[in-house]
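For the protein sequence lines, the chains are A and B, in the order given.
Just so you know, we're using our numbering here: the first sequence kicks off at 1 and counts up by one.
Just so you know, we're using our numbering here: the second sequence kicks off at 1 and counts up by one.
Just so you know, these hints were derived from the structure itself, not from any lab.
By construction, the Cβ of each residue, glycine as well, lies at the ideal position given by its N, Cα and C atoms.
Please note: incorrect hints may appear among the correct ones.
[Said to hold, decoys possible] Some residues of chain A that are not near chain B, with every Cβ distance over 10 Å (derived): (1) P54; (2) V128; (3) I210.
[To be verified] No more than 30 Å apart at the CA atoms, straight line, and that leaves these computed lysine-lysine pairs for BS3-like: (4) B:K157 - A:K135; (5) A:K139 - B:K157; (6) B:K221 - A:K135; (7) A:K26 - A:K135; (8) B:K54 - A:K232; (9) A:K135 - B:K54; (10) B:K24 - A:K166; (11) A:K26 - A:K11; (12) A:K139 - B:K54; (13) A:K135 - B:K47; (14) B:K295 - B:K275; (15) A:K229 - B:K24; (16) A:K135 - A:K108.
[Said to hold, decoys possible] Covered stretches of chain B (in silico footprint by chain A; criterion: 3 or more residues with CB under 8 Å from a CB of chain A, positions within the stretch not fixed): (17) 69–77; (18) 85–99.
In case you want the letters, here they are:
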Amino acid sequence: MESMTLEELKKKAIELRETAVTMVYKAQSGHPGGSLSAADFVTALYFNEMNVNPEEPEWADRDRFVLSKGHVAPIQYAALAHKGFVPLETINTLREYGSPFQGHPDSKKCPGVDISTGSLGQGLSCAVGMALGGKLDEKAYRVFAVVGDGECQEGQIWEAAQTAVKYELDNLVVFIDDNGLQIDGTTEEVMPNHDLEKKFQAFGFETKRIDGHSMEEIVETLDEVREAKNGKPKCVVCNTVKGKGVSYMENVVGWHGKAPNEEQYNLAMEELARGLHA
Amino acid sequence: MTVIDLKATEQIATRQAFGDEIAKLGRDNKNILVVDADIGSSCKTTKFMNEFPKQHINVGIAEQNAAGLAAGLATTGKIPFVSTYAVFGSLRMAEQIRQEICYPNLNVKIACSHGGLTPANDGGSHQAIEDMGVLRTLPNMTVIMGADYHSTRKLVKQAAEVYGPVYLRFTRDTVPVIYDENEEFEIGKAKHLKDGKDVALIANGDTVHLALQSAEILEDKGISVKLLDMHTIKPIDREAVLECIEIGKIVTVEDHNIINGLGSAVSEIVAEQGKGVVRRIGVQDQFGESAPYEKLLELNGITVENIVNMAEEIL
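Go ahead and model the full structure; you've got the sequences and the hints to work with.
Dropping the structure here:
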C-alpha cells in the first residue's frame, strides 16, 4: 500500500475532481454533483488505504471497492485512471461505445471495478457477500462500500445491513455520502433519512460521523477502523456538499446529473486549480 | 434410454431431488453454498444446513438481499445456490438477478421450489406461472426444469459444474419417477423419449409424465409420436426443435403461462423457419386460486385428455 501525506492526498482529491468534471464535460453527460461530494474519501481509499494492484486488478487478496451509488462512476473512474488501472487518456471516452467507462460501473468492461452497480440499493448486498466470502476463506482483505444518502431510502440497504451484523463482518466499511440532495430535491423534502448514523448504529454497526471533506478526519477514521477486529461492521457517515469544489454546483440539486457547458467547464477548472495551488 | 413404467413408479417432489443433490455437492466442493431466505425447510435445504453449517447462509425474509449477497459471494469464487420459492426467486429478485448476477455474468444459481401451479392450495399468490419467462429474457441466464427426481438431481449437478447464472425450478408436489437413476442429462440438450413421425409433443417439468401417458394413448390409436423432454428452455435445443418442425405438427405442454415459457420458446423457432404448426398447452394467461393441483391442471387444460385431443386436432 502506498502512503501519501495529507497535503498530497488533498492535491490528489482535486486532481480527481478535475478529471471527473472533465470526463462529464467531454461526454456532455454524467453525474458531477455526487462525484464531487464523494471525491475526498474516494481519494483517501484508493491512494492511502486500499490494498489493490493495478497490474493485477483481480488479485484474490485485494481489498474490494463497491460503488453502490453507481451513478457517480466518474469519481471512481478518475481514481482508477490516476491509479493506473486504465490509461489516463481513457478519460476522454466516458459513456462512449466500447469504453471501459460505461455510464455506470461495469465489472465486465473496466479493470478495477469489482462488481457492476448502478441500480440503487443493491451494491451494499454485494459488498456484504464479498466480505462474507473473505471471512469464509479466512482472508485478510477488506471491503469498502460507498452508499448514497438518498439510496438509503431503498429497503434492501437495511436487509444488507442486518446481514452484515449477523455475520459479524468487521471487514466491511460502509461510507455514506450524506450530501442531503437527490434528484427531486433535498432528502428532507423527498424522503427524510432522519439520522443515518443512528440508524446504522441501531442495526449494530460501529459508526462515526465525520466531515467528509476533511482529509484529516477521513484518514484518522480509516486509521481507527483498520485495526478494529471487534466483530462489528463499520459505517462512516460523511457530511458532504454535493458539487463540492465548484462554486456554482455546490448544494444545487440541478447538478446531480448534468454536464457543464464550455464556459461553466472553464470556470470549474479555474476554481479547482485555485484549490490545487492554494 | 430407460423410461420406467409410470404405473409402477414411485412419486417424489423434485424439490427433494435438489435437497439430496445439493447436500452431496456440498460435501465434494466446499465452495458450494446455499443462501436461504427463511424457507429452507420447505425448499429441502435442511440436510445441507445440518451437514455443512459453514456453507449455509440464511438471510431471513429478504430475497433481494439474498440475490445481491450471492453475487458478492460469487466474485470471491464461491458457487452460491439461492434457494426460495419460484415466485419470489424470479419476480421479487428479478431486478437484482438482472443487475448483479446476469449483467456481470456471475456464477450464481437460483434454485427454486414451488414452481408452476404446484403450490396449489396456497393460492394464486404463491403459484409461479411466469418465472421461467421472466428469467428467460435475461442475457447470460440458463433456465431449467427437470421432469423427475433423477433428472433433477443430474441437472442440479450440471448446473453447479457449468459457469454462469442458472435458474432451476422444482415442484412442491410429487411427480412420478420417469428415468433410471443412471440416465445422463446435459443442459441444453433435450431428452428424446420417443421417436415418431406424425406429431411431436414437447413438454417440460411436471408435465412430461402427462405427455408420456398421452403419447402411449396416441400410439395405441395408431398415431406415431415424437416426444421430447425439453428440460432446458434456455438455451433451447434448437436442433431437436428443428427435427420436430420436419414433422410439422407440434404440441407443447408446460406448467407455466403459455406466454413466454416453453411454448413460446418453441414457437419462436417455428416462426423463424416459416413452417410447422404449434399448439400450446399450459396456463391460459390467468392466475390460479386455491385448489387441488389436479384441479388447477384441469382448469387450464393441462391434462392427458387435452394433450391427446390437441394432437389429434392438428393432425
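Hints versus structure:
| no. | hint | result |
| --- | --- | --- |
| 1 | P54 | holds (18 Å) |
| 2 | V128 | violated (5 Å) |
| 3 | I210 | holds (26 Å) |
| 4 | B:K157 - A:K135 | holds (26 Å) |
| 5 | A:K139 - B:K157 | holds (28 Å) |
| 6 | B:K221 - A:K135 | violated (63 Å) |
| 7 | A:K26 - A:K135 | violated (42 Å) |
| 8 | B:K54 - A:K232 | holds (19 Å) |
| 9 | A:K135 - B:K54 | holds (11 Å) |
| 10 | B:K24 - A:K166 | holds (27 Å) |
| 11 | A:K26 - A:K11 | holds (22 Å) |
| 12 | A:K139 - B:K54 | holds (15 Å) |
| 13 | A:K135 - B:K47 | holds (23 Å) |
| 14 | B:K295 - B:K275 | violated (35 Å) |
| 15 | A:K229 - B:K24 | violated (35 Å) |
| 16 | A:K135 - A:K108 | holds (25 Å) |
| 17 | 69–77 | holds (count 9) |
| 18 | 85–99 | holds (count 3) |
The structure is inconsistent with the numbered hints 2, 6, 7, 14 and 15, although it conforms to all the rest.
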